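**Student:** Modelling step: build the complete structure from the supplied sequences, incorporating the hints.
Protein chains: 2
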Amino acid sequence: MKISIIKIGGNVIDFPEKLDEFLFLFSRFPGKKILIHGGGVLASKFGESMGVMPEMVDGRRITDKDTLDIVTMVYAGLINKQIVAKLQKLKQNALGMTGADGNLIQSKKRPVKKIDYGFVGDIKSVNTDLLESLLEKDIVPVICAITHDKKGQLLNTNADSISSEIAVAMSSKHTVNLYYCFNKAGVLIDEKNDESIIPLINEEIYRELKNEQVIHSGMIPKLDNAFAALHKGVNHVWIGKAENLLLAVKGKVSGTNIENHKYDLY
Amino acid sequence: MKISIIKIGGNVIDFPEKLDEFLFLFSRFPGKKILIHGGGVLASKFGESMGVMPEMVDGRRITDKDTLDIVTMVYAGLINKQIVAKLQKLKQNALGMTGADGNLIQSKKRPVKKIDYGFVGDIKSVNTDLLESLLEKDIVPVICAITHDKKGQLLNTNADSISSEIAVAMSSKHTVNLYYCFNKAGVLIDEKNDESIIPLINEEIYRELKNEQVIHSGMIPKLDNAFAALHKGVNHVWIGKAENLLLAVKGKVSGTNIENHKYDLY
Chain A
0 MKISIIKIGG NVIDFPEKLD EFLFLFSRFP GKKILIHGGG VLASKFGESM GVMPEMVDGR
60 RITDKDTLDI VTMVYAGLIN KQIVAKLQKL KQNALGMTGA DGNLIQSKKR PVKKIDYGFV
120 GDIKSVNTDL LESLLEKDIV PVICAITHDK KGQLLNTNAD SISSEIAVAM SSKHTVNLYY
180 CFNKAGVLID EKNDESIIPL INEEIYRELK NEQVIHSGMI PKLDNAFAAL HKGVNHVWIG
240 KAENLLLAVK GKVSGTNIEN HKYDLY
Chain B
0 MKISIIKIGG NVIDFPEKLD EFLFLFSRFP GKKILIHGGG VLASKFGESM GVMPEMVDGR
60 RITDKDTLDI VTMVYAGLIN KQIVAKLQKL KQNALGMTGA DGNLIQSKKR PVKKIDYGFV
120 GDIKSVNTDL LESLLEKDIV PVICAITHDK KGQLLNTNAD SISSEIAVAM SSKHTVNLYY
180 CFNKAGVLID EKNDESIIPL INEEIYRELK NEQVIHSGMI PKLDNAFAAL HKGVNHVWIG
240 KAENLLLAVK GKVSGTNIEN HKYDLY
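Each protein sequence line maps, in turn, to chains A and B.
Under numbering that gives the first Met the number 0, the first residue of the first sequence is numbered 0, with each subsequent residue one higher.
Under numbering that gives the first Met the number 0, the first residue of the second sequence is numbered 0, with each subsequent residue one higher.
If you're looking for bench data, these hints aren't it; they were derived computationally from the structure.
Any given hint could be a false lead.
Identical copies go unnamed one by one, so any copy, or any two together, can satisfy a pair.
Claimed, not checked - In silico lysine-lysine, BS3-like type, Cα no more than 30 Å apart, as pairs: (1) LYS136 with LYS88; (2) LYS149 with LYS88; (3) LYS108 with LYS44; (4) LYS150 with LYS231; (5) LYS88 with LYS108; (6) LYS107 with LYS32; (7) LYS32 with LYS123; (8) LYS136 with LYS149.
Quantities reported herein were computed from a predicted structural model and do not represent experimental measurements.
**Tutor:** Here it is, written out as structure tokens:
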């Protein structure tokens, strides 16, 4: 089957009106689909109100025991269930999950090297059978950024990684398109100008743009991740604003399409 | 199929060691099973640490907007996912859900009469198809005390009611046994003596025990609920301590068995 995997982050989740608008668009999104979400600033906000301060290293949250409890509450509880209830209203048969539910995503606690990330999990395997059986029943999986190690421990896992790992795993039998909703309109030539979208990036263009330092810092792991997914069988990756998601499906230029032209050479 | 529905409350959930012990017993419990849980004192504790004080009327929590957010976080997030992760370790393919997930339990916000209970839902319908398809795949549904109105609103719903409504709904096609894990060893002749268990209660005995005021106050709605479930097709109801659950399955006297002898008269 053809499956769309759509990832949203804080720039959608943190704003109730934006979230509602996105969920409406998502409900109109055709075909089999999976929604993946992170947590945004809510986890930090709740943590602070309970006296647990967020600790970040290189833009990544350090997940101690209290922080894990809070992200579990906020991601898997509040945000996930509010999204599910709203999608149910929009006649989408949403079912919210963490990676522990139905053993959907098994991960491994990240080994301590220079930094001890705490209860952070790197993905080992995805239960594609479960996702297939849900999609076949027209259920819409809504997956949050929590996984488990199958030894009883929940783990915090990056939502971008969950999206690409699920996309890759489902690609072995299905045609999978991956949509990253982002705080910018796509990959931009001029960061400050949302009109300067680069509509298509293949590996050649990517190399050039990196050389010219048009693409730098935070965009590099995002694009590396996208190309890695394409190399492992994902059909198509899109990066753009949540509100332009439906335009993307209709084939209109509305963000950056990432394609792996290597395959065209053979 | 034969289905066991097991309900636990605060007296198990609030104590990590008791919860672990219970989950081990639950993992040894034979056949198809569903676990239903409330929230215990954790929701009040987290609420207080965030400045939201629990308001109770007649032993029922008044659920304002902040309280609903907290119970959603604690029940559907923290407790549900910790239970699921622990059951996964015990080789039980647990999948945690609220009533919103897969439209499992649709409820209606309780109308305001003398008391405004706030965001509390009374159950309207149970999606038995979804439960059947999960049980057929040997998935163990772990359901928390949150439902939805299918209009986008999550609602707080009593876990005893969720247990009996699911039991009744599943009884139309299946043999359903309902186990209420309780803070006492069963229905007792002397409340202070855990040895004074009444092993069997039918409606005649129930009437007598009520007349003699052996059964009073909080036990009455519990038993009314049990008999109502039996009248609507549930096969068997058991009330007892979580640690005696496996004895109950083996047919040993370990709690109170509630039976509907009316059916024997025909």
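**Student:** If the cutoff is 30 Å on CA atoms, where do LYS136 and LYS149 land: within, between, both or neither? Let me know, please.
**Tutor:** Classified as both; 26 Å inside a copy, 19 Å across copies.
**Student:** Within, between, both or neither: how does the pair LYS32, LYS123 come out at a Cα-Cα threshold of 30 Å?
**Tutor:** both (22 Å within a copy, 28 Å between copies)
**Student:** Indicate which option fits the pair LYS107, LYS32 if close means a Cα-Cα distance not exceeding 30 Å: within, between, both or neither.
**Tutor:** Both: 26 Å inside a chain and 29 Å across chains, each within 30 Å.
**Student:** With 30 Å as the alpha-carbon cut-off, assign the pair LYS150 and LYS231 to within, between, both or neither.
**Tutor:** within (28 Å within a copy, 40 Å between copies)
**Student:** Give the relationship of LYS149 and LYS88 under a CA distance limit of 30 Å: within one copy only, between copies only, both, or neither.
**Tutor:** between (33 Å within a copy, 5 Å between copies)
**Student:** For LYS136 vs LYS88, is the C-alpha pair at or below 30 Å within one copy, between two copies, both, or neither?
**Tutor:** both (18 Å within a copy, 28 Å between copies)
**Student:** Classify it for me, LYS108 with LYS44: is the Cα-Cα distance of at most 30 Å met within a copy, between copies, both or neither?
**Tutor:** Cα proximity of LYS108 and LYS44: in one copy and across copies (25 Å, 29 Å).
**Student:** With identical chains treated as interchangeable, where does the CA-CA distance between LYS88 and LYS108 reach 30 Å or less: within a copy, between copies, both, or neither?
**Tutor:** Between copies only: 15 Å across chains, 37 Å inside a chain, cut-off 30 Å.
Every hint from the earlier list agrees with this structure, and none is contradicted.
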